[in-house]
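Protein chains in written order, with my numbering: chain S, 1 to 86; chain B, 1001 to 1184.
Don't read these hints as lab results, they were simulated from the structure.
Backbone N, C-alpha and C define an ideal beta-carbon position, used for all residues, glycine too.
Don't take every hint at face value.
Claimed, not checked - The calculated label-pair distances, taken between Cβ atoms and stated as ranges, are:
| # | chain 1 | residue 1 | chain 2 | residue 2 | range |
| --- | --- | --- | --- | --- | --- |
| 1 | B | Lys1134 | S | Ser61 | 20 to 26 Å |
| 2 | S | Lys86 | B | Lys1075 | 24 to 30 Å |
| 3 | B | Lys1010 | S | Arg46 | 37 to 43 Å |
| 4 | B | Asn1176 | S | Glu14 | 19 to 25 Å |
| 5 | B | Lys1046 | S | Glu14 | 50 to 56 Å |
| 6 | B | Ser1161 | S | Phe29 | 16 to 22 Å |
| 7 | S | Ser11 | B | Glu1129 | 28 to 34 Å |
| 8 | S | Phe9 | B | Phe1183 | 29 to 35 Å |
To be verified - Below, computed lysine-lysine pairings styled on BS3-like, alpha-carbon distance capped at 27 Å:
| # | chain 1 | residue 1 | chain 2 | residue 2 |
| --- | --- | --- | --- | --- |
| 9 | S | Lys76 | B | Lys1130 |
| 10 | S | Lys71 | B | Lys1010 |
| 11 | S | Lys78 | B | Lys1052 |
| 12 | B | Lys1046 | S | Lys78 |
| 13 | B | Lys1030 | S | Lys71 |
| 14 | B | Lys1046 | S | Lys71 |
| 15 | S | Lys72 | B | Lys1030 |
| 16 | B | Lys1134 | S | Lys76 |
| 17 | B | Lys1010 | B | Lys1068 |
| 18 | B | Lys1141 | S | Lys76 |
| 19 | S | Lys76 | B | Lys1010 |
| 20 | B | Lys1141 | S | Lys70 |
| 21 | S | Lys72 | B | Lys1066 |
| 22 | B | Lys1141 | S | Lys32 |
| 23 | S | Lys71 | B | Lys1134 |
| 24 | B | Lys1068 | S | Lys72 |
| 25 | S | Lys78 | B | Lys1010 |
| 26 | S | Lys71 | B | Lys1068 |
| 27 | B | Lys1046 | S | Lys72 |
| 28 | S | Lys71 | B | Lys1130 |
| 29 | S | Lys72 | B | Lys1010 |
| 30 | B | Lys1030 | S | Lys76 |
| 31 | S | Lys86 | B | Lys1066 |
| 32 | B | Lys1068 | S | Lys78 |
| 33 | S | Lys71 | B | Lys1075 |
Unchecked claim - Chain S regions said to be covered by chain B (calculated; three or more residues, Cβ under 8 Å):
| # | segment |
| --- | --- |
| 34 | 43 to 56 |
| 35 | 62 to 69 |
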Amino acid sequence: MTTKKSKLFISCEEAKYICDKSQYHESTFWEKLQLNIRYAYCHITRAYVKQNQKLSELVQSDSVTCMDPKKKAEIKMKFINELQDK
Amino acid sequence: MPKHQLNPKKWIDSYADYLFNYTITRVNDKDIAEDLVQETFFSGLKSAQNFKGEASERTWLISILKRKIIDHYRKINSTKGKAEVRVNFSESDTEGDWLEERVADPFDKNAENEIENTELGLAIHNCLEKLPQKQADIFKKKTIQNFDTEAICNEYNITPSNLWVIIHRARTTLANCLDETWFK
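Okay, chain S solo, but in the shape it has when bound (with noise of 0.2 Å):
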């Protein structure tokens, strides 16, 4: 017997899903709406939504920053070519 997936009600790990494309902005409208039902009666969704939200807010604080890609791989090749001379 097959069941019938439902396209209102989802499951938890779908919310999980969704709420990881909420926090880049990209999730859909639907999906939103989809989240947000899930979120009314699911505490362990609300749970994962409290802390995929603070998460976000740490990661995306001024604090945290990365250097820039181009520079990783050009210090990366001097790097290595000096290996090699070595």
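Given the structure of chain S, go ahead and fit chain B onto it with the hints provided.
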């Protein structure tokens, strides 16, 4: 036998971002920070025979970097009066604006906050080092450097679904790691 060994081939991939984050909070200039990190790697390679293996690779590289940062400030101080030390990420259109002037409430940021923010950056990079290299790279590009999904998918030859699975795994590991190290 020494506890730790050097593996210079992995230095750039493993430590460049951590060292850069460490430096930028101390020198406040992207170009200078990049140069200092680059010099650190080359100095580390030159003095690799001095590595005793008592500290980890990263700790050892940080000790070299600290000396580079001190040297940088010594050099600035020796040319005092000739150069103006600025504390902003200078862009042509904002040149002349001081960072302090652009902060909404300067009294809101006390020394404790500053230290906490500096440590936060390092704590996050610490946790990112625990992820598989590809996962960490994709997470950094997507979350910290704000690359487009499409650009990342093209670069790594993955589908958007793959990307979100990778991001989800990275976020879960990172959240657990920060729970243990940052929120404890």
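Against the structure, the hints:
Distance hint for Lys1134 (chain B) and Ser61 (chain S): a CB-CB separation of about 25 Å, consistent with the stated range 20 to 26 Å. The beta-carbon spacing between Lys86 (chain S) and Lys1075 (chain B), approximately 28 Å, falls within the hinted interval of 24 to 30 Å. At about 40 Å, the CB distance of Lys1010 (chain B) to Arg46 (chain S) agrees with the hint of 37 to 43 Å. In this structure the hint that Asn1176 (chain B) and Glu14 (chain S) lie 19 to 25 Å apart at CB holds, the actual value being about 21 Å.
Separated by about 53 Å at the C-beta atoms, Lys1046 (chain B) and Glu14 (chain S) satisfy the suggested range of 50 to 56 Å. For the pair Ser1161 (chain B) and Phe29 (chain S), the supplied restraint of 16 to 22 Å holds, since their beta-carbon distance comes to about 19 Å. At roughly 32 Å, the beta carbons of Ser11 (chain S) and Glu1129 (chain B) sit within the given window of 28 to 34 Å. About 32 Å separates the C-beta atoms of Phe9 (chain S) and Phe1183 (chain B), a value consistent with the hinted range of 29 to 35 Å.
Among the hinted pairs, Lys76 (chain S) with Lys1130 (chain B) is consistent with the structure: their alpha-carbon atoms are about 21 Å apart, no more than 27 Å. As the CA atoms of Lys71 (chain S) and Lys1010 (chain B) are separated by approximately 16 Å, the hinted pair is consistent with the 27 Å bound. This hinted pair checks out: Lys78 (chain S) and Lys1052 (chain B) have alpha carbons roughly 26 Å apart, not beyond 27 Å. For the given pair, Lys1046 (chain B) sits about 14 Å from Lys78 (chain S) by alpha-carbon distance, which is consistent with the 27 Å threshold.
Of the supplied pair hints, the one linking Lys1030 (chain B) and Lys71 (chain S) holds, its CA atoms being roughly 11 Å apart against a limit of 27 Å. For the suggested pair Lys1046 (chain B) and Lys71 (chain S), the alpha carbons sit about 21 Å apart, so the restraint of at most 27 Å is met. Distance restraint check for Lys72 (chain S) and Lys1030 (chain B): the Cα-Cα separation of roughly 13 Å lies within the 27 Å cut-off, and the hinted pair is therefore satisfied. For the given pair, Lys1134 (chain B) sits about 16 Å from Lys76 (chain S) by alpha-carbon distance, which is consistent with the 27 Å threshold.
Using a Cα cut-off of 27 Å, the hinted pair Lys1010 (chain B) and Lys1068 (chain B) holds, with the two alpha carbons roughly 21 Å apart. Taken as a hint, the Lys1141 (chain B) and Lys76 (chain S) pair is honoured in the structure, with Cα atoms around 17 Å apart against an allowance of 27 Å. Between Lys76 (chain S) and Lys1010 (chain B) the CA atoms are separated by roughly 10 Å; this keeps the pair inside 27 Å, and the hint holds. In summary, the hint linking Lys1141 (chain B) to Lys70 (chain S) is supported, as the alpha carbons are separated by about 12 Å, within the 27 Å threshold.
With a C-alpha separation of about 20 Å, the suggested pairing of Lys72 (chain S) with Lys1066 (chain B) holds against the 27 Å cut-off. Proposed proximity of Lys1141 (chain B) and Lys32 (chain S) is supported: the alpha carbons are some 24 Å apart, at most 27 Å. Among the hinted pairs, Lys71 (chain S) with Lys1134 (chain B) is consistent with the structure: their alpha-carbon atoms are about 18 Å apart, no more than 27 Å. The suggested pairing of Lys1068 (chain B) with Lys72 (chain S) holds, with an alpha-carbon distance near 19 Å, which does not exceed 27 Å.
This hinted pair checks out: Lys78 (chain S) and Lys1010 (chain B) have alpha carbons roughly 14 Å apart, not beyond 27 Å. Distance hint between Lys71 (chain S) and Lys1068 (chain B) is fulfilled; the C-alpha atoms sit about 19 Å from each other, no more than 27 Å. A hinted pair counts as satisfied when its Cα atoms are at most 27 Å apart, and Lys1046 (chain B) with Lys72 (chain S) qualifies at roughly 20 Å. Using a Cα cut-off of 27 Å, the hinted pair Lys71 (chain S) and Lys1130 (chain B) holds, with the two alpha carbons roughly 23 Å apart.
Proposed proximity of Lys72 (chain S) and Lys1010 (chain B) is supported: the alpha carbons are some 13 Å apart, at most 27 Å. Distance restraint check for Lys1030 (chain B) and Lys76 (chain S): the Cα-Cα separation of roughly 17 Å lies within the 27 Å cut-off, and the hinted pair is therefore satisfied. This hinted pair checks out: Lys86 (chain S) and Lys1066 (chain B) have alpha carbons roughly 25 Å apart, not beyond 27 Å. Annotation: proposed proximity of Lys1068 (chain B) to Lys78 (chain S) holds, straight-line Cα distance about 19 Å (limit 27 Å).
Proposed proximity of Lys71 (chain S) and Lys1075 (chain B) is supported: the alpha carbons are some 24 Å apart, at most 27 Å. Judged by the Cβ-Cβ criterion of 8 Å, the segment 43 to 56 of chain S is covered by chain B as claimed, because 4 of its residues qualify and three suffice. For a cut-off of 8 Å, the count of residues in the segment 62 to 69 of chain S with a CB near a CB of chain B stands at 8, and the three-residue condition holds.
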